[in-house]
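Engineer: Assemble the complex: chain A is given as a structure, and chains B and C must be docked to it using the hints.
Residue numbers (numbering that gives the first Met the number 0), protein chains in the order written: chain A, 0 to 421; chain B, 0 to 356; chain C, 0 to 292.
It is worth saying that the hints were derived from the structure and are not from the lab. All values derive from a computational prediction rather than experimental measurement. Some hints could be false.
As the list claims (entries may be wrong) - Label-pair restraints from in silico Cβ distances: (1) C:L7 - B:A149: 30 to 40 Å; (2) A:K201 - C:T1: 29 to 39 Å; (3) A:E418 - B:V21: 48 to 58 Å; (4) C:G260 - A:G420: 53 to 63 Å; (5) C:V56 - B:G303: 55 to 65 Å; (6) B:E100 - A:E412: 26 to 36 Å; (7) B:D258 - A:E101: 51 to 61 Å; (8) B:D258 - A:E418: 50 to 60 Å.
What the hints assert, rightly or not - Calculated Cβ distances over 10 Å to all of chain A for the following chain C residues: (9) S59; (10) V87; (11) A145; (12) I148; (13) A168; (14) R185; (15) V208.
Cβ atoms here follow ideal geometry from the backbone N, Cα and C, with glycine treated the same way.
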Amino acid sequence: MINRRGVLRSATAAIAAAAFAVSGFAGQALAQDKQPITFALLQDFTGVYTFVSNEYNQGQQDYIKMVNATGGVKGHPIELIVRDTGNEPQRGIEAYNRAVEEGAVLVDFLSTPVSRAMVPRVLEDEVVMITALHGRGDASDGQTFPYVFPMMATYWSQASVLAKYIEEHMGGLEGKKIAHVFIDSPFGREPLPILRELAERKGFEVKAFPYPSPGNEQSATWSDVRRWGPDHVTIWGAGGGQPVSIRTAIRNGISPKDILSVVWLARTDMRQVGFEAAKGVKRFAATATGRDTPVIQKIMETVIEKGNGTGDMENVGNVYYNIGVATMAASVQAAEHAIENYGAPVTGPKLKKGFEDIENFNAQGLMPPITITEKDHQGGGYGRVSMWTGDGWEPQTDWITAYQDIVWEEIEENAKQFEQGN
Amino acid sequence: MFYRLAGVYHTTYAGERKLWPVPADRWQALGVLALGLLAPLLVGDLYLSSYLLPWLVWTAAALSLTLLMGVAGQLHFGFAAVMAIGAYTAIHLTRFGVPFEIALLGAGLMAAAIGSLFGAAALRVKGLYLVMATLAMQYLVDWTIINVPAISGGAQATLQAPEVSFLGAPMTNDTVQYYGALLWAAFLTVFIMNIKRSAFGRALVAVRDKDFAAAVIGVNVFRYKLLAFFTSSFLGGVSGAVLAFCYYEAVTPEQFSFDVSIQFVAMVLVGGLGSVIGAYLGAAFVLLLPIVLTNLVAGLADSGLLTISQNLQSHIPLMAYGALIIAFLLFEPLGLAKIYDNLRNYFRVWPFQHTRN
Amino acid sequence: MTYFFELLINGALTGLMYALAALGIVLIYKSAGVPNLAHGAMIMLSAYFIYIFASLVGLSLWLAIPIAAVLMFVFGLVAERFLLRRMVGQPIIMIVMLTLGLEILLRGVAPGFLGAAPKSLDLGIGLAPMIVEGVFINRAYLYGAAVAIAMIAVSLLFFQTRLGTKLRAVSDDHVSSWSVGISVERAIGISWGLAGVSAVAAGALWGSVQGVDWTLSTLLFPAIAVVILGGLDSIWGVLVGGLLVGILGSVVPGYLDPLVGGGTRDVVTSLIILVTILVRPYGIFGREDIERV
Chain A
0 MINRRGVLRS
10 ATAAIAAAAF
20 AVSGFAGQAL
30 AQDKQPITFA
40 LLQDFTGVYT
50 FVSNEYNQGQ
60 QDYIKMVNAT
70 GGVKGHPIEL
80 IVRDTGNEPQ
90 RGIEAYNRAV
100 EEGAVLVDFL
110 STPVSRAMVP
120 RVLEDEVVMI
130 TALHGRGDAS
140 DGQTFPYVFP
150 MMATYWSQAS
160 VLAKYIEEHM
170 GGLEGKKIAH
180 VFIDSPFGRE
190 PLPILRELAE
200 RKGFEVKAFP
210 YPSPGNEQSA
220 TWSDVRRWGP
230 DHVTIWGAGG
240 GQPVSIRTAI
250 RNGISPKDIL
260 SVVWLARTDM
270 RQVGFEAAKG
280 VKRFAATATG
290 RDTPVIQKIM
300 ETVIEKGNGT
310 GDMENVGNVY
320 YNIGVATMAA
330 SVQAAEHAIE
340 NYGAPVTGPK
350 LKKGFEDIEN
360 FNAQGLMPPI
370 TITEKDHQGG
380 GYGRVSMWTG
390 DGWEPQTDWI
400 TAYQDIVWEE
410 IEENAKQFEQ
420 GN
Chain B
0 MFYRLAGVYH
10 TTYAGERKLW
20 PVPADRWQAL
30 GVLALGLLAP
40 LLVGDLYLSS
50 YLLPWLVWTA
60 AALSLTLLMG
70 VAGQLHFGFA
80 AVMAIGAYTA
90 IHLTRFGVPF
100 EIALLGAGLM
110 AAAIGSLFGA
120 AALRVKGLYL
130 VMATLAMQYL
140 VDWTIINVPA
150 ISGGAQATLQ
160 APEVSFLGAP
170 MTNDTVQYYG
180 ALLWAAFLTV
190 FIMNIKRSAF
200 GRALVAVRDK
210 DFAAAVIGVN
220 VFRYKLLAFF
230 TSSFLGGVSG
240 AVLAFCYYEA
250 VTPEQFSFDV
260 SIQFVAMVLV
270 GGLGSVIGAY
280 LGAAFVLLLP
290 IVLTNLVAGL
300 ADSGLLTISQ
310 NLQSHIPLMA
320 YGALIIAFLL
330 FEPLGLAKIY
340 DNLRNYFRVW
350 PFQHTRN
Chain C
0 MTYFFELLIN
10 GALTGLMYAL
20 AALGIVLIYK
30 SAGVPNLAHG
40 AMIMLSAYFI
50 YIFASLVGLS
60 LWLAIPIAAV
70 LMFVFGLVAE
80 RFLLRRMVGQ
90 PIIMIVMLTL
100 GLEILLRGVA
110 PGFLGAAPKS
120 LDLGIGLAPM
130 IVEGVFINRA
140 YLYGAAVAIA
150 MIAVSLLFFQ
160 TRLGTKLRAV
170 SDDHVSSWSV
180 GISVERAIGI
190 SWGLAGVSAV
200 AAGALWGSVQ
210 GVDWTLSTLL
220 FPAIAVVILG
230 GLDSIWGVLV
240 GGLLVGILGS
250 VVPGYLDPLV
260 GGGTRDVVTS
270 LIILVTILVR
280 PYGIFGREDI
290 ERV
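Okay, chain A solo, but in the shape it has when bound:
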């Protein structure tokens, strides 16, 4: 009897509290009188993206705090809705619908499955979805995906930049053997068409070596890689699989210098490999690393040193943190354009146009200069190659972009398939 009443009472309490939660969104609004702009960061904090979400989201929140502390976007404060989706599409849908009802004009899921599931919805609702370093690469085609903004180099562009780097700084591509070692998922396979096309044009060999998800054991794959004897290796994984790749490669006698990685490789991964042992590993970099850039300095000054930082201060300036900052910097820039050129209040369509007005924006050196147009939502596909020096990442090149013709062939072909229902 007592039991049952307890259940009843706690159920009522939960419902009441839920109702309260729905209404209680006072949040982080500062004393600014203009109408706030709402961004929704509905990310995966408990599933497969945990390796990046916290740091990335911390960067996003800190940047927005900095913007709000320094007057907002033309006086409009930015409100953030932050929710966990657990990488589950149905939770993503709920979080998205709720956020849209609360007036969000921009969503960021940082989860490929959820973003993919949401593409038709954001197109229909005219809400901007940023898919930096995740989601569909073909969403770079702004005509097919008007409301989706990858706004950083897609995996295709990352592969082409890495290939360009090999061509120019590692002794050319011709006659070389490049092993593509990847987690066995659509994400891991994504760069293969680009590499194959390049191989044909430039006269080198590419071979694909998948390892099973989640990648905690890859020894058989790397035995095969070593047997093939590649000159260079591209590793395409994320989270715990990445250090395992590098360690197993080194154990198979492959020099760290010949390893080139997708953007997902952070300081924690290098610690797992061993800071010294990993010296020489190269990685695609979408943003600058470290705290030297003016933007990060300003965040330090206005947010973190005042004790308002979102999470562990150690993360500030790390790879994923800076990527998070860069995504919000570009989004705030777009919101500014929207207000300036199309007037407040910011709506989805205005924000979309604001994004498309972004020209040569580099967040004061934090990121490569991106130019987004109505056609090109990728922003040019810029990035650079950084090398692990034992205690940090050192840029090896300027911001470069490469073989965008091949990348765009791929983008357009996939976009066409999307129109046909894939």
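Structural biologist: Chains B and C alone, transformed into the frame defined by chain A:
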């Protein structure tokens, strides 16, 4: 539950055999159905499309699994794979221009055919070993879908659901999608309730309770086990197609991963094995609880009542969800359906508790 | 041929590491008849414990690991006393679901309080390749395999001791054990505690290989293949099952992956489970008292 019971006295055999022998129960069922029908007018878009709609679809899937796990006693840890087969079949069929109504049927048949293969294991083993065998099959189906581009839809591994109409109503409209899900859930509800009192259902129950004894009284155990897998997979396949067309509007492999299978099992168990109302309650618990908790915790944090890190905030619902599953199994192994039943009995005789038997 | 031997040897070593992850499942099933699907999460929890004491508190690893072992022993006792003991007599599916609920809970608690981003755990095993007759051997797995064999040997010896004999009696028959004065509850509790200790060994080694985060709990799947193949209640089965799962999961994908163009190891693992259950459900060394249809 809002009536007093003086006793049930039937005057005709037909009256006794009714699905709801007590008129008040019948009226209540109709009332709930009416509420369901009026829901698009009563609740906002958000609650219709993000709560009610998925709840109905997940309930339909849980009901399909209840038939197998609750009624026939065959454990299944790969039900999401069965639904995936249905969803992919329906999408591919409609893309070839097959009418949606027939595609649904095809989805069911394909899922039933492959799902019966899962059942082949049940002819050899049961209990824990059946759990492991179906789990292994889930991985095999997942792998096949991911690694055959012709099924999964190429590089992006996504297939959008084509625009189809069901009996003339376009399935792209939110309200139509809701009614589609409601129709299927209502049909399954009546179907499962009826199956439990048919010869087929009683044979399944006999197999569940003791297969040797069932064989002794003339039930062909092999046949009924396979039939149970066939029927349940058929319904699961159609549910998968309904999920793809009414809710996700697309299929990707992640929608039917192993974790989803576990969620279905949790729905059936937390709801109460074999109970129809339990499927509704269990689906609500497993599907909606993490969402409500996430919003609750985030709301508390946003309003400053809870100052914890983002990381801990997002993990609290996971902890609560796990802890509640444990709590239900420990304190009420018969599930939410039993709790509902207790409540109902309590109120039915209130305030004369001594009249409860 | 070198390639084959390399796949074979590294596969065998990996398999032994899987065996280490599987050992705890067998220890519990042998005495209590409970299939503990939370064992993957227990491995994760152990790795987090080691991380706390080694990195956050700053103790030496050789101190951190024993402390973690003590904590996990207590965790095992507590889980058995307050969760599983109350489920005695319930259908198997309820028990399976309870352990899954425990797994979800642990997956929320450990990363929730200690941070979800991967942590590193350095056991100090060198990265330099180890080459024997042209065959490259993974040093980390070699040490891991050695630990696995040691743990399995200790388990085998343990069952020869006085306490171990009681555990064997309990695994034979609960009621007769009671009748001769053996405390069945205590024996089952101890086997849970020992499973916790074995999880620490697995957590330390796998944590050092892949880092510490929730993905450690996915070791459950290969571990299940190992115990199904070897037999749910046989320590020898863990050894042989681990070797077979490891070798098949290395050699077959080694030749098949290039042909298929996808990672086939999970397929091999699934097929091992499936074929074992269809052909010989009780596994290679398992006791044949499984209720067959």
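Engineer: Hint by hint, say whether it matches the structure.
Structural biologist: Verification of the supplied hints:
1. C:L7 - B:A149: 30 to 40 Å: holds, 35 Å
2. A:K201 - C:T1: 29 to 39 Å: holds, 32 Å
3. A:E418 - B:V21: 48 to 58 Å: holds, 56 Å
4. C:G260 - A:G420: 53 to 63 Å: violated, 24 Å
5. C:V56 - B:G303: 55 to 65 Å: Violated - the Cβ-Cβ distance for V56 of chain C and G303 of chain B, about 32 Å, lies outside 55 to 65 Å.
6. B:E100 - A:E412: 26 to 36 Å: Cβ of E100 of chain B to Cβ of E412 of chain A: about 34 Å, so the range 26 to 36 Å holds.
7. B:D258 - A:E101: 51 to 61 Å: violated, 28 Å
8. B:D258 - A:E418: 50 to 60 Å: violated, 31 Å
9. S59: Given a closest Cβ separation of 18 Å, the condition holds.
10. V87: The claim stands: V87 of chain C keeps its Cβ more than 10 Å from every Cβ of chain A (closest is about 21 Å).
11. A145: holds, 16 Å
12. I148: holds, 18 Å
13. A168: Non-interface label stands for A168 of chain C: nearest chain A Cβ at 37 Å, farther than 10 Å.
14. R185: With a cut-off of 10 Å, R185 of chain C remains clear of chain A, as the shortest Cβ separation is near 30 Å.
15. V208: Since the minimum Cβ distance to chain A is about 6 Å, V208 of chain C lies within 10 Å and the statement is violated.
Hints 4, 5, 7, 8 and 15 from the earlier list are contradicted by this structure; the remaining hints agree with it.
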